[in-house]
Every structure is written in structure tokens, then in C-alpha cells.
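Participant: Chains as they are written, first to last, in the working numbering: chain C, 1 to 361; chain U, 1001 to 1298.
Straight-line distance between alpha carbons at most 25 Å, and here's what the computed DMTMM-like set of lysine to aspartate or glutamate pairs gives: (1) U:Lys1206 with C:Glu107; (2) U:Lys1191 with C:Glu71; (3) U:Lys1294 with C:Glu107.
Keep in mind the hints are simulated off the structure, nothing from the lab. Keep in mind it's a predicted model, so treat the numbers as computed, not measured.
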Amino acid sequence: MKVVLENLTKRFPGRSKKDEAVTAVDHFSFEIPDGQLIGLLGPSGCGKSTTLNLISGLETPTEGKIFFGDEDVTDLPPEARGVGLVFQNYALYPHLTVEENIIFPLENLKGAKKLTKEAMHEKAMEAARLVQIDTLMERKPKELSGGQQQRVAIARALVKIPRVLLLDEPLSNLDARLRLQTREELRRIQRETGVTTIFVTHDQEEAMSISDLIIVMKSGKVHQIGKPQDVYDEPTNLFVAQFLGTPQINVFDGAIRNGKVWIGKEAVLDAAGKADRDVWVGIRPEGFIPDPEGPFTCKMDRVEVMGRDVSVISTHEKMTGKCIRSIVSSENRFAPDQKEVRFRLKPYKVFLFDKESEERV
Amino acid sequence: MKKKNNLKAWLYLLPAILFLGVFMLYPLVDVCFYSLEENFHFVSQKYSGIGLGNFRHVLTDPYFAMALKNTLILVAITVPVSTGLSLLIALGLSSVQKVKKLFQTIYFLPYVTNTLAVGLVFWLLFRNTEHTDGLISSLIVSLGGESINFIEGTYWQKMMVTCLYTIWIVMPFKILILTSALASVNPDYYKAARVDGASSGRIFRKITLPMISPTVFYLIITGFIGAFKAYSDEVALFGTNLNAAEMNTIVGYVYDMLYSDSGGFPGYAAAAALLLFAIVFTITYVNLRFSRNKVQYM
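Only chain U is shown next, with the shape it has when bound in the complex (with noise of 0.2 Å):
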């Protein structure tokens, strides 16, 4: 009877193992043989031996280096910003009444518009062609200033834009989910801490955040996440040549290795791609760690 039980449970589990199995758990296994065999060759399917020396090429290559600094300094500054600004934004929509779904809608757009339909929004504001400038370039010309082509201009220039373009795209899904949050304080606590005369920032501080604090834990680790996967933002603004542009990222790095006109190298890719998930396993276990104690958990 209960053997029976059992094969009808394995029955039951079989497409999603099935799936998992096929499209998750292979390839992961896969990725890790690739990163491990040398100097693979796609057309005959061979392989020189086995050993560390993907890893060897790729933490030595410039390239890669580049996509790695590039990537550290786009984590470092848009989780950070986007985080903080959806919070203000957040407290702001929470606080008024009238307009509040209008601004929500508002806010929410940029989170169901195409990247690459951002991307072109981004070029009109910040690329110089040989017709016009770029509106934010016209703008700094009327007030004075010079004209910057921001996205063929210097390294900073493009990753402020880079940051810029980030920023602005995962701002809509962390307000929607910290307008939310914040809506589900019961507003008795508020009440409470102005009668006790607690001020505003100190009612923040001391009673919204830690209320609030595991949506914005949640927020940071998928941000850290979501940042270091980057490498869509970057083709929707300079296109799909980054190490050109100096803006290549850790995936588009991998892609690189992979499809384009350098590629062809599945072992560099997958050595990159582990390298990548290294980064991000240790930055959130050290998350983890760290807010241990920080994140109330009601």
C-alpha cells in the first residue's frame, strides 16, 4: 500500500522533475563540466584535458576584469539609490490621499515598457547625433554649459547614464512592493507614537523601517541580485559591441565568450558564469549574516 503511494507521488512530481531536471539541474551540472574542461572545441567536441584553466584565462583577461569592475560599481550604486529613492517615493505615495492611484500608475510605467524602448527613450535624452543633441546635453548648452554626448562620451559618463537607466528601470516593482508594505502597518502604531510625541523621523526610524524591514531586506537581496545579472540595460544604450563601449557586465561577458565574433568559447563562459555565481552566493549569505539581527520578522 505504501509502496503504491509512493509511485503514484513520484507520478504526480514527474513533469515538474522532469522539467527542473531537463532545463534547471543539467545545465547547472553541465556548466560546471564545461568550466572544467580545456580548451574545448565546439565543431569536434574535444577537449585537451581537464584542469582550472578556464578559470585561469578568464580571471586574467582584461575583458573580464573590466566586466567584473563594471558590474561591482553598477551593484554598488544602484542598489543603494534605487532602494532608497523607491523607499522616499514609497513614503510619499503612502502619505497622500487624492492622486495617490495616478502617481502609482505613473510610477509603475517603466516597469511594463520594453528595455529596449527605454533604451531609445534614454538615447533622445542623453545621445548627440550629427542632427541635434541629446535634450539633457541641450539643456546643460541653454544654461551655459557644453555639449557632452554622454553615451559615446567618457567612462563616467556612460556609467552615470548606465546607473541612471538602472535605476529608473527597477524603481517601479520595489515602490509597488514598499507601498504595500508600508499600507499594511497598522496605522494604531502611528498613532500611538504621536501621542507618546514621538517626531516623524524618529517614527520612521524606530517604528515604520523595522515594520517594514523585511520587504526592504527582501528588496536589497533581489536588487544585488538583479544588478549583477545586468547586460540587457547596457545593449538597450550602447548597443550589443560593449567591450567597445567599456560598459561590457560579468553576462555579457559570458554571452560574448559564448555567440559573438570572439565567441566560441563555452569553457570561459561557464568558468565566468561560475565566477559570477560565486560573487552573488557570497554577497547574500553575507547579507544574510549580516541583518540576522537587523530584519524583524512579525
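Same shape as in the complex, but just chain C (with noise of 0.2 Å):
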């Protein structure tokens, strides 16, 4: 089912009459393709909640609308508008097993979808095989662990075949190895339902790694869509450019100046056929190349070694962080007592972005 939202905003009343209403949600307009998992990313407070909140009708929009697949569902209550919702604090109701749980929305079917016991029985088994918690029915939530009743939660919200899969931060109550687990076995289960999911997180790594799609908010508004490979090669704007990577990417207050890309005394690129002007550069840890000879030179602060790469620390005077951060090859070398380190840069891997707007030169 795809899902698309035309012009969405949300807009939430001032605590006061003098404050001034917050929007969270402003002017949102995407098509989310059938059948992708789709990583909602941002920082927090960006609105991303809120916009799960939308589709799945807990909130009304103050603006815009929502269709799922063609029907206008912008008025639908949440329950009539057929979407399985996983909460951060998976909201399992504690005094019911497992199996109770899952089969809690099936028991909420009225009229011709009305379910005999066995039939919802048999559904909340399919569905808890497919989560790998058949095992476990008999259990009440505060028996299992967090991952476990994570899945439990994704179960209760596939059981009735929702249309829509809307899940708010899955993997941020996990410890960071079964994060890792849980994020390939969200993937597993996306494929194999076929189910549109929507997923909120605030954690890049987490979104570019299972994502078809990434959606990049900030302040309510929706700064780039792209697959994630693409928004971090391509990135609109100097806040996609920093929230997506890690390391983050260095940011430099540099200048074109005759088609050079400068940063204080040095041109380090070239920018042939760019009209002169104050710059933000920014450029990706793995975008520098050691070079005795290269044309931007850094002082040396330390090296740490990763073993398959080594990150080498240094600083600049034009640099807007706290340090300078780069990936290299473990086979470059540096001596102990370097005051200088000097790197050639890959062009790909640094982007111009205006003073001003910040947006993509």
C-alpha cells in the first residue's frame, strides 16, 4: 500500500495565548512507495513522532491530507485506517500473556471480519513464528527480555495484517548488540510481509543501514528523501551533510575565490565555473588522502588506530568543530613526533554549501 501525504502540517496550540504555536509537522508532501521500509531520521524534536502520529491517526492534521494507496484517510480514526503501530516502550499491556496480547486487535474485529477462536489462535501463532516468539505465549511482558518483547510488539502490530507498519524508534530501548540483531531481523520481517513500513529514528546509522528510502527531517520540515546511499553522496544542505555519517563530516569556513575551493591560506580544489563567494566546506572523514605534497595542510594532534583504518585527529584554524577527524588507510605511516600532516582531498567526498541558506553550492 503506498502511502502519500499531501501539504501535512501540524500545528500545536501555544501553552498560553501568548505563546506562539509550535509547528511540528509544516507543509510534509511525499509519496512512500508500495512495500519499502522507509527510515523517518532526525534529530529529536524534529517532528518525526508526530508525523507517525498523523499516519496513524492519533493526531488530526491541522493541515493537508493523507491517502493510503487511493483512499482519502486523512478523516479516518485510527482504527479504521488499518495500521500496526510499535511504540518506543513497545506499550504491551502487562497484565495479559503474550499470546493475549497478540491476539488483543483480532479480538477488536466486528460484523463479517469477526474471528472464531481457533482462527485468531492460528493467526497470533503465524504471526508470533514469523517474530520467533512462538515459544513464549504463556508469558506475561515483564517475563521476557527487551528484545523479545520488542518482537512481540511487532507481532501485535502485523497480526491483522495491517496496511501500514508504523514503528516509533523500534531499536532505541535495545542495548547495541541486539540493536544490531534487531534492525536485520525488522528488515527479514518487512520482506517478507511485504508491509509499507514507516519507521521514526533518531539515529542515522540505524536508518541508513535497513532503509529503501530515508526521509531527513529537522524543524518539521523535511530537508531531503533519497535512498540512503544517495542522500549521504548527495547531500541537499549542510544539515543532511552533518546529521547523516559518522564520524560526522568536517565542516570548514572557507571561500571560492577564481575557481578554487580555499580554506584560509590554501586552495585545496579546484571549482572551475563556481562565481566567487563565502563558503561552508565540508568534507567526509574518508574524503582525505595523506600526501606529503597535498595542498591542505593540518596540524598533526594524534593518530588513533582501528587496525583496518586509522583515524587521524588534527586541527585547523578554520575548522568549525572541535577537531578535524580522518579516515586513512592503515598502510600510511606517521611519525611520532609529526607537528604537520598534509592530504589531498577526493572531490566527491567534499561538499560547498552557502554562507547563507547553508543550502548545496
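With the hints as a guide, dock the two chains, each given alone in a separate frame, to form the complex.
Facilitator: Here it is as C-alpha cells:
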């Protein structure tokens, strides 16, 4: 089921009359293709959870429309939309067993959709097998680990075959190792069921690793939509460039003069055909190549050896962060007392952003 | 070293032990003795023998039978009605936003009002005097009915007023406790249930009620115990001569046996008090057993 958002806007009234209304989601328009896994990504407070609540129907939009397929669901209550929702804290009913939790949505079906007890049990088992918790059906949620609770929550959301599956920060309550495992699980479950899935996260790595498409949001506005690799390789503005990628992109205060990119007194790169202006220069950590003849000189701070590759930590008077982190091949050798390090830059790892608008040049 | 510490511990406990011993334990034990001392005489402090004579007397006393009947009716009506109504009001309170505080204050007022003052208000509502009918009576007359003097009326008219009074007095506390219990239920459960298509009735039965069941259970148990101890409410409505008004309660009977004009029988009073204890204990135990599988402690 494709999901279409049209000018979706949500404004919350201010706390008092003096306070201004808060726009949590600002004219969000996008068509989510059928059967894909979408990562809704942004820093906390950017409106991604509100967007999810709007799609689920728990919130009503101030403006705009939502379509599932060709059906306008904007005015439908949540129960009529056929969405499955997994909460950040799972919201499993603590007094019900796993099976009762999974069956709960089925018991709410009325009229022609009403199921017999056996059919409900069968469907619950099917959903449980899909997420591999079919041996835990008699347990209460508190007797399960975080990862297992997560699976129960997903099974409960999937059991009535939702048109859209929505996950709010599905991995944030899990520890690091489980998070890795579970995100693979999520990917597998989504592939097997083919349900259009939208998940919210503030963790860019999580979003990039399993999404078919990612949507980067900030302050209620959509900044960029695309395949994870495309968004990473071609960020449209400084925010997106900074938000994606670990370690973070290095940003320098620079300028374009006479077809060259200048950082401080050094012309580090060609920028043929670009008009003179002040820019932010963003360089991905992997965009540096150590080269004694290179055009870009930084003050050496230290080297962190990772085995497979090496992090060179250096500083520069024009940098905006605390230090410059560059990841280079471990074949490079550095002298312990080295005061300076010179780099060549990979042009496709360097992005230029307008000083004022912070849009990509 | 260990002994020293023990001594210290006892020393720390001493104030509490003394207090509890003198004011709780000693009277409790003493009541048991009193209940067994037959024909105890207050002035001479003598008794004729040890036995169950006091219990025999109390159990055959028609006044005790009346007090027991009144108490049981009161318990049977007020506990479920007050708990149910409080739950309804608490649910209402938790779903309004704007004037919630105001309503909470209004509902809490009876709790901080003196019992006798409330009794006065109920007199104004239900009692006819030479000069004017009670408010409710006037209302019935204006609707074309006949004037009823509830306070001095038939047994069930009086019982109705008593129940209303008790319910009204005990509700504020229950509403307060239930409102906070409802507020402590994570709203995500409701959201999840709504997305899953549960009707509001089903959400209440399958989610809200189990989640607040420990609180409801607590209120039922304390409600039972409180209602069994009813006395002051009846005095506020009908004066101290409750036997004449047919509205005596077990605690009232105990009091009468000790202090009123017909009093001076600590043996009977003690026996009645122990009987009350036995009833409350049994009912609480049954309650605990019965609800073991129904109450969800998270």
C-alpha cells in the first residue's frame, strides 16, 4: 500500500495565549512507494513522531491530506485505517500474556471480519512464528527480555495484516548488540510480509543500514528524501551533510575565489565554473588522502589506530568543530613527533554550502 | 559486640513498642479477657465466672441483631455504590482538561467537612420541622407528591438517607485515589488499544480496569472495613439514641453497652466488638482469596 502525504501540517497551540503555536510538521509532501521500508530520520523534536502519529490517526492534521493507496484516510479514526503501530516502549499490556497481547487487535474485529477463537489463535501463532516468539506465548511481558518484548509488539502490530506498519524508535530501548540483530530482523520481517513500513529514528546509522528510502527531517520540515547512499553522497544542505555519517563530516569556513576552493590560505580543490562567494566546506572523514605534497595542511594532534584503518585527528584554524577527524588507510605511516599532516582531497567527498542559506552550491 | 547492638536496637524500638503496647496491644488483649468475664460489675470490679455468657447474651439481644442487620445493609449498599460512583467520577475527571482542578476541589470538599456539619446539611435536606419541610420533601411536594419526613420516617426511608450520607462522605477519598491511579496508567496503552481498534468499553474493561485493579481492590477492602465501623454518621443523622431510631450499628451497640444510659456492661461490649472483628476479618479474608486471580500487581 503506497502512502501519500499531501501538504501535511500539524500545529500545536501554545501553552498559553501568549505563546505561539508550535508547528511540529510543516507542509510535508511525499509519496511512499508500496512495500518499502522507510526511515524517518531527524534529531529529537524534529516532528518525526508527530508525522507518525498523523499517519496512524492518533493526531489529526491541521492541514493537508493522507492517502493510503487511493483512499483518503485523513478523517478516518486510527482503528479504521488499518495501521499497525509499535511504540518506543512497546506498550505491551502487562497483565496479558504474550498470546493475549497478540490476539488483542483480532478480538476487536467486528461484523463480517469477526474471527473464531481457533482462527485467532492460528493467526496469533503465525505472527509469533514470523518474529520467532512462538515458544513464549504463555509468558507475561515482564518475563521477557527487551528484545523479546519488541518482537511481541511487532507481532501484535502485524497480526491483523496492517496496510501500513509504523514503528516509533523501534530500537532505542535495546542495547547495542541487540540493536544490530534486531534491525536485521526488522528488515527480514518487512521483506517477508511486504508491508509498507515507516520507522522513526534519530540514529542515522540505523536508518541508513536498513531503509529503502530515508527522509531527513528538521524542525518539522523535510530536508531530503532519497536512497540512503544517495543522500549520504549528495546532501542537499549542510544539516543533512552533518546529520548523516559517523564520524561526522568536517566543516570548514572557506571561500570560492577564482575557480578554487580556499580554506585559509590554501587552495585545496578546483571549483571551476563556480562564482566567487563565501562557503562552508564539508569534507567527509574518508575524503582525506595523506600526501606529503598535498595542498591542505593541518596541525597534527594524534593518530587513533583501529586496525583496518586509522583515524587521524588534527586541527585547523578554519575548522568549525573541535577537531578534524579523517579516516585513512592503515598503510599510511605517521611519525610520532609529526607536527603537520598534509592531505589531498577526494573531490566527490567534498561538499560546498552557501554561507547564508547553507544550501549546497 | 553483637549483644550491645541488640540492646541499642531495642532501645530505638522502645518508644514505638511502649506506645503500641500500651495503646494497642494491651487493650486488644484486655478486650478478650473482658469478653469472657461473666457478669462483670464496674463498681466492685468483680465477676461471677469465666465463659461464653457474654457472647450468648449479645447474640440473643434483639438490639444487637438490629445493629448487625443495619450494618450489613449499610455495607452491602454503600461499598459497591460508592466505589462504582467514584470510579465513574474519576474517569470523568481524567477525561476533562479545562476545569479539572475545580471539579477535583468540589468533589474533595466532603472529605474536609466535619461529619456533624454534614449531618446538619442532611437534616436540612431530609428532615421536616414544625416550620418547614426538608428540601427533598419540598421538592417532592412541588412535583405533586406527598411530604416525607425521611429522618423520622419508615425504616427504609431512614436507611436510604443513611446510605446516601455514608456514600457521600466516603466518595472524596476514593475519587482522589482513583484519579491518581488512572493518571498513572501510561497513555501509550490507550493509544495502542485505539490503533488496534478497541472500543472505549473494551479499553476500560481490558486495560484500564486491570491496570488500576490493585487500587480498586484496596478501596473495596478499606471500604468494607470502614463501613463495618459505621457509627458517627448515624449519630449525626439521628442523634445518640440510635436504638429508638432503629438505626443502630454494631459500633453503636458497643458504645451503648459501655457508656449510654443502658450501659455499664464492658463484657457485652467486648463480646460485640470481638464479633465485629470476626466478621470484618472473615470478609477481608474472603475478599483476599476471591480477588487473588483478578487483581494485577504490575
